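Number of protein chains: 2
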Amino acid sequence: MKLVCSQLELNSALQLVSRAVASRPTHPVLANVLLTADEVTSRLSLTGFDLNLGIQTTFSASVEKSGAVTLPARLLGEIVSRLSNDSPITLDLDEAGQQVQLTSNSSSYQMRGMPADDFPDLPLVESGMSLKITASYLVQALKATIFSTSSDEAKQLLTGVHLMFNGKSIEAAATDGHRLAVLNIEDALKLDGINADNHDDISVTLPSRSLSEVQKLLSNLKPEEHVSLFCDRGQVVFIAEDQVLTSRTLEGTYPNYSQLIPDEFSKSIEIDRRSLVSALERVAVLADQHNNVFKLTTNSSSEEIKVSADAQDVGSGYESLPAIIQGENITIAFNVRYVLDGIKAIDSDRILLKCNAPTTPAIISPLKDKSCFTYLVMPVQIRS
Amino acid sequence: MKLVCSQLELNSALQLVSRAVASRPTHPVLANVLLTADEVTSRLSLTGFDLNLGIQTTFSASVEKSGAVTLPARLLGEIVSRLSNDSPITLDLDEAGQQVQLTSNSSSYQMRGMPADDFPDLPLVESGMSLKITASYLVQALKATIFSTSSDEAKQLLTGVHLMFNGKSIEAAATDGHRLAVLNIEDALKLDGINADNHDDISVTLPSRSLSEVQKLLSNLKPEEHVSLFCDRGQVVFIAEDQVLTSRTLEGTYPNYSQLIPDEFSKSIEIDRRSLVSALERVAVLADQHNNVFKLTTNSSSEEIKVSADAQDVGSGYESLPAIIQGENITIAFNVRYVLDGIKAIDSDRILLKCNAPTTPAIISPLKDKSCFTYLVMPVQIRS
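So the protein lines, in turn, are chains A and B.
Sequential numbering of the first sequence, starting at 126, is according to the numbering used here.
Sequential numbering of the second sequence, starting at 126, is according to the numbering used here.
Every clue listed holds true.
Pair ranges (Cβ atoms, derived):
{"no.": "1", "chain 1": "B", "residue 1": "PRO387", "chain 2": "A", "residue 2": "HIS152", "range": "45 to 55 angstroms"}
{"no.": "2", "chain 1": "A", "residue 1": "PRO240", "chain 2": "B", "residue 2": "GLU428", "range": "35 to 45 angstroms"}
{"no.": "3", "chain 1": "A", "residue 1": "ARG149", "chain 2": "B", "residue 2": "SER137", "range": "37 to 47 angstroms"}
{"no.": "4", "chain 1": "B", "residue 1": "GLU428", "chain 2": "A", "residue 2": "THR215", "range": "18 to 28 angstroms"}
{"no.": "5", "chain 1": "B", "residue 1": "CYS497", "chain 2": "A", "residue 2": "HIS152", "range": "52 to 62 angstroms"}
{"no.": "6", "chain 1": "B", "residue 1": "SER209", "chain 2": "A", "residue 2": "THR484", "range": "32 to 42 angstroms"}
{"no.": "7", "chain 1": "B", "residue 1": "LEU133", "chain 2": "A", "residue 2": "LEU249", "range": "49 to 59 angstroms"}
{"no.": "8", "chain 1": "B", "residue 1": "ASP474", "chain 2": "A", "residue 2": "PRO240", "range": "41 to 51 angstroms"}
{"no.": "9", "chain 1": "A", "residue 1": "HIS303", "chain 2": "B", "residue 2": "LYS469", "range": "46 to 56 angstroms"}
{"no.": "10", "chain 1": "B", "residue 1": "ALA221", "chain 2": "A", "residue 2": "LYS493", "range": "42 to 52 angstroms"}
{"no.": "11", "chain 1": "B", "residue 1": "ASP243", "chain 2": "A", "residue 2": "LYS268", "range": "41 to 51 angstroms"}
{"no.": "12", "chain 1": "A", "residue 1": "HIS152", "chain 2": "B", "residue 2": "SER209", "range": "50 to 60 angstroms"}
{"no.": "13", "chain 1": "A", "residue 1": "GLN384", "chain 2": "B", "residue 2": "ASP219", "range": "46 to 56 angstroms"}
Since the hints were derived computationally from the structure, they do not count as laboratory data.
Please read all numbers here as calculations on a predicted model, not as lab measurements.
Beta carbons: idealized from backbone N, C-alpha and C, even for Gly.
Kindly produce the complete structure, drawing on both the sequences and the hints.
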């Protein structure tokens with residue numbers, strides 16, 4: 126393998142695929158990145174793969190001699206990132222296939238690699254169900270849900286986001302057992318099945334870690350660009366331009382979350398979103414000192430709500446906010462972090478909080494929204 | 126105590142004095158900040174003090190009723206920083222002197238305080254030796270030396286910077302036993318002794334932590350502004366405008382570092398500073414994998430130096446740099462971090478490295494400089 130490429134392209138490719146390189150590899154080769162150079166296509170491909178998540182990217186290079194090798198991802202990444210972007214980089218693998226010589230300007234580095242054959246194959250399924258989605262819709266769906274996944278590995282399926290694609294719409298949902306975020310976008314996709322008869326709905330749960338990387342990958346695309354998605358045998362592959370991301374799926378039946386959302390609400394509160402965020406961030410300073418709980422009390426006669434926290438020995442405080450209140454007055458308590466997460470994920474000026482009783486689920490949603498975002502949060506029981 | 130003040134001023138005062146509040150206080154009151162309001166002067170003063178380092182700042186406020194109290198620094202700081210800067214803040218201490226009510230706009234917080242009498246007095250010595258220094262000179266002296274102090278608390282005096290003021294010049298020095306940084310500025314100060322007969326030299330060693338805060342405090346001043354310094358009974362007080370910083374001194378006789386600096390050098394190397402920083406930062410990627418050591422080899426015939434590192438099983442590399450070389454060729458090895466620290470502290474385009482042998486101290490200095498900066502670094506012995 127011998128090639129010359131640009132520092133900028135090699136550096137950004139390394140930064141990208143390194144996100145799929147295991148931080149604590151179970152096998153030495155998994156700490157490496159796979160480099161594959163092709164004389165015929167004049168392209169260099171880089172792959173990082175931790176057996177769960179894989180990222181591959183390809184870019185143009187002057188390939189003098191085809192070949193493949195794996196190199197330590199961190200070492201290579203740190204050296205390349207510090208090289209000048211004025212000079213091209215030459216990579217040259219020795220005859221024994223062990224040492225790579227990297228030269229640029231007056232810099233010269235030798236790195237010990239491991240054979241490309243030792244590197245596990247990316248599960249590049251391009252069969253089974255296939256879809257084409259506008260990148261910006263998928264980004265929107267992930268941004269609205271990933272934060273609600275559980276970080277508790279023992280909770281398996283709940284560490285992922287559940288994605289459902291049917292003929293027209295995309296629905297993403299995530300819950301950690303205390304709150305649930307659901308985003309539904311109509312007309313988000315056209316089914317682009319390889320097999321025209323194969324118009325089944327796709328329903329898959331993917332680890333939040335993989336989806337965070339999908340989100341970053343897609344955020345670099347133009348909003349109207351498309352991403353292809355293939356789903357087969359416990360693996361999902363996202364293909365966007367020259368970049369490929371593979372992820373294993375989380376197996377099992379995702380909870381039937383729609384039954385958790387009450388059909389009717391006796392009380393509704395309309396509030397300015399930014400004012401509520403600021404007020405809750407101050408109240409959270411006290412709530413965080415104790416049990417993270419704040420109380421929301423409505424006063425329909427003064428058309429105000431009060432959010433308050435009491436950290437006992439330390440102090441207490443409240444904030445008053447104007448609100449449009451419907452239904453009887455209520456006092457209801459929540460985990461302040463859960464509520465803040467939800468209202469921060471909303472993109473509209475005003476939000477609606479709907480509830481029935483201090484012990485039944487409440488819903489937060491944007492007042493007006495093209496997509497349909499629903500954030501369910503369980504209240505905290507308080508002694509009155 | 127009752128007063129109204131601006132959110133911006135209270136917030137920046139809290140951020141400032143909080144740096145002197147103990148992170149792990151030995152007594153509960155030391156987690157607090159002292160607030161003292163004076164009706165006569167219409168000023169509010171804030172103090173943080175961890176018994177070693179103290180910071181006090183004063184600003185204008187509408188004081189309705191004089192008084193003093195201490196409040197939890199972190200809690201108060203976090204709430205005030207999140208309040209809107211559009212509305213003034215009212216602080217009101219109750220009759221019992223226990224609870225402070227903070228109100229701003231539609232926010233209302235109650236915090237439990239501790240009596241001001243429980244707060245230790247700042248050692249505000251304004252006797253003994255006194256000096257007036259241009260702030261920018263002191264900042265320059267600290268920036269050039271603090272990084273060379275030892276972080277090993279067992280090394281006592283070496284955890285501090287040694288400051289020497291005589292009639293005209295200021296000299297700052299710091300060493301951790303492996304390297305030594307000395308900055309000498311002539312004409313930096315006029316002695317401003319309270320007692321005109323008292324023209325002794327001041328020589329004092331102060332903890333690097335205190336001096337880092339002095340550096341931050343002074344960096345906010347205009348460069349030509351002055352700072353007053355008082356030194357007495359194991360305490361130093363810096364006074365700049367409305368801000369006061371006190372620090373205990375480190376007791377003992379600071380090593381006679383000037384005798385460590387060789388009088389003559391048989392070899393000198395002149396190099397472009399920025400190129401050397403970039404080259405060493407790349408070589409450091411490899412050096413850090415092994416023992417942090419890099420080798421410098423001069424080649425006077427090609428007018429080049431080579432800096433290289435060998436991380437054995439991982440890889441190796443070198444960088445070539447043009448240099449003006451005087452004296453015989455040499456190969457000398459250093460800790461790459463020590464050398465990088467030193468050349469980063471230099472502010473000129475070209476630097477001089479002077480040495481005699483691979484086992485005797487080397488000196489790095491700017492090629493041209495009004496102030497006199499000397500960075501001594503011990504080589505690492507290598508098997509050839």
